[in-house]
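Visitor: Residues per chain are reported as follows:
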Amino acid sequence: MPERRADAAVALVLLLGLLLLSGCTQWRYELGTRVSPDTLSDTGQTLTLTDVLARLGPPARLSAVGEGYVLAWEYWQIREDTIGMSLGFLGVDLASVDWGDAHMHGEFLLVTLDRQHQVTATGFARWSSDAGGGQAIQPFAGWVSLVDVDDMLADMPQHQWGSGQLEPLPTAINNSSRPDMGQSGIQRRGTPTGTGQQSLE
Amino acid sequence: MNRHFVTGLIALVFTGLLSGCAQYENRRGVEVTWQDSVTDRLVRGETTRKEVLRLLGPPSQVISMEEETVLYYLFERSKGEGVILIVYNRMKIDTDYDRAVLFFDENDILTDFATRIDDAADA
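Line order of the protein sequences matches chains A and B. If you're matching positions, the first sequence starts at 1 in the working numbering and goes up one per residue. If you're matching positions, the second sequence starts at 202 in the working numbering and goes up one per residue.
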C-alpha cells in the first residue's frame, strides 16, 4: 500500500512538472566531420597539397593568401536548451519564467601552403565552451531572446558567392575583401563582426 | 478623489503584473591564447607564421593583403540585462572584445603585432 502511494506521488509530481514546463526545447546541431591534428602528424618530411587532400578530403574553406594558399577544416557541435515555465499556478497567468543555455564544441584545423603546394604551417584548436545563456521573467511572450546561435548555423561562404553581390551597399562593396567569402582570406564560423574587418557592415 | 485612487491602484497593480526582467550572456570567437606570457615569445623580424600558429592556434580570420598576410584573433563577450514593462522597456548590453592582430611579410616572417585583453576577461 505505501508503494502505491509513492508511485502515485511520483506520477503526480511528473504530471505537475509537465503542466508547469509549458515550453521546453532542446536543439542539437552537428556541422562538418571530426578533425584530428594526428592526421597531419609530423612524419619528418614536408607534406604536399596532395598528401593533405588525401588525408583530410576537400576543405571546408580555402583561399589564396599572400604567397600561397590557406585551407581549413571545421567541425561543430552546438547545444541549445530553453525552458519556459508558466507562473499560472501562482495565479500570475500573464508571466512566465524563461531559462536558456547554449554550449559549443569546435574543432578547427588550418593549413597554409606555398605556391609550390608545400605545407608551410598548420594550426589546430579543439575547444568546448559556454556560448551564452540567460534567464528572464517576461510578461505575455518572450520579449527578449535569451539564447541565439543562428550565426553559428550559417551556410558555408561559397553558398553566398553569387548572392553576395546582391547584398545592401556597404556589404556588397566589401565582398571582395571579406574573409568569409573565400576570396581574400578565410574566417572561422562565429567570428564576431562588431569589430575587425566587417565592423562597418 | 476615491475614484482616482482606485484607478491609480489598478494601474499600479496592472503594471506590476506586466513587469519582467531579463539577463543574458553571449560569447563568440576563439579562445584567448594571447596573454603576455605567450606574446613575450614573439619577436618582430624573426618569428614565423608557423611558430605563431603553434603558439596561438588557428585565428578567427586569415586576411590576405597582397604579399602580406594578417592573422586576426577575436573573442567577444556581451552581457545584457533589462526590465520589461511593455510600455517602457530598458535593456543594457555591454560588449567587450579581446583581440590580437599579427602581420607577416611575403616570407611568412612576423613584421608587426598588437594584442589586447579586456580587463573584464582577467577578472
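Hints listed in this document are in silico derivations from the structure and should not be mistaken for laboratory results. Heads up, some of the hints might be wrong.
[Unchecked claim] Examples of chain B residues toward chain A, derived with CB under 10 angstroms:
#1 230
#2 236
#3 242
#4 244
#5 265
#6 273
[Stated by the list, open to error] Okay, derived cross-link-like pairs now, DMTMM-like style, lysine to aspartate or glutamate, Cα gap no bigger than 25 angstroms in a straight line:
#7 280/B to 297/B
#8 293/B to 67/A
#9 293/B to 38/A
#10 251/B to 81/A
#11 251/B to 67/A
#12 251/B to 148/A
#13 280/B to 114/A
#14 293/B to 148/A
#15 280/B to 38/A
#16 280/B to 150/A
#17 280/B to 295/B
#18 280/B to 67/A
All C-beta atoms in this analysis are idealised placements derived from N, C-alpha and C, irrespective of residue type, glycine included.
Visitor: Now, for every hint given, state plainly whether the structure supports it.
Guide: A quick look at each hint next to the structure:
1. For residue 230/B, the interface hint holds, since its Cβ comes within 10 angstroms of a Cβ in chain A; the closest pair sits about 5 angstroms apart.
2. A cut of 10 angstroms between beta carbons decides the hint on residue 236/B: the least distance to chain A is about 16 angstroms, and the hint is violated.
3. About 16 angstroms separates the beta-carbon of residue 242/B from the nearest beta-carbon of chain A, more than 10 angstroms, and the hint is not met.
4. A least Cβ separation of about 17 angstroms between residue 244/B and chain A goes past the 10 angstroms threshold, and the interface hint is therefore violated.
5. Proximity of residue 265/B to chain A holds as hinted, the smallest CB-CB distance being about 4 angstroms (cut-off 10 angstroms).
6. Because the smallest distance between the Cβ of residue 273/B and any Cβ of chain A comes to about 6 angstroms, under 10 angstroms, the interface hint for this residue holds.
7. A threshold of 25 angstroms between alpha carbons decides the hint, and for residue 280/B with residue 297/B the separation of about 9 angstroms falls inside it, so the pair holds.
8. Proposed proximity of residue 293/B and residue 67/A is contradicted: the alpha carbons are some 45 angstroms apart, above 25 angstroms.
9. A hinted pair counts as satisfied when its Cα atoms are at most 25 angstroms apart, and residue 293/B with residue 38/A does not qualify at roughly 45 angstroms.
10. Of the pairs offered as hints, the one joining residue 251/B and residue 81/A is violated, with about 39 angstroms between alpha carbons and a cut-off of 25 angstroms exceeded.
11. Between residue 251/B and residue 67/A the CA atoms are separated by roughly 14 angstroms; this keeps the pair inside 25 angstroms, and the hint holds.
12. Our distance criterion of 25 angstroms between C-alpha atoms is broken by residue 251/B and residue 148/A, whose separation comes to about 35 angstroms.
13. With a C-alpha separation of about 42 angstroms, the suggested pair residue 280/B and residue 114/A falls outside the 25 angstroms cut-off, and the hint is violated.
14. Proposed proximity of residue 293/B and residue 148/A is supported: the alpha carbons are some 17 angstroms apart, at most 25 angstroms.
15. Note on residue 280/B and residue 38/A: the hinted pairing is violated, with a Cα-Cα distance of about 37 angstroms set against a maximum of 25 angstroms.
16. Distance check on the hinted pair: residue 280/B and residue 150/A sit about 18 angstroms apart at the alpha-carbon level, within 25 angstroms; holds.
17. Under the criterion of a C-alpha separation no larger than 25 angstroms, the hint pairing residue 280/B with residue 295/B is consistent with the structure, at around 5 angstroms.
18. Proposed proximity of residue 280/B and residue 67/A is contradicted: the alpha carbons are some 41 angstroms apart, above 25 angstroms.
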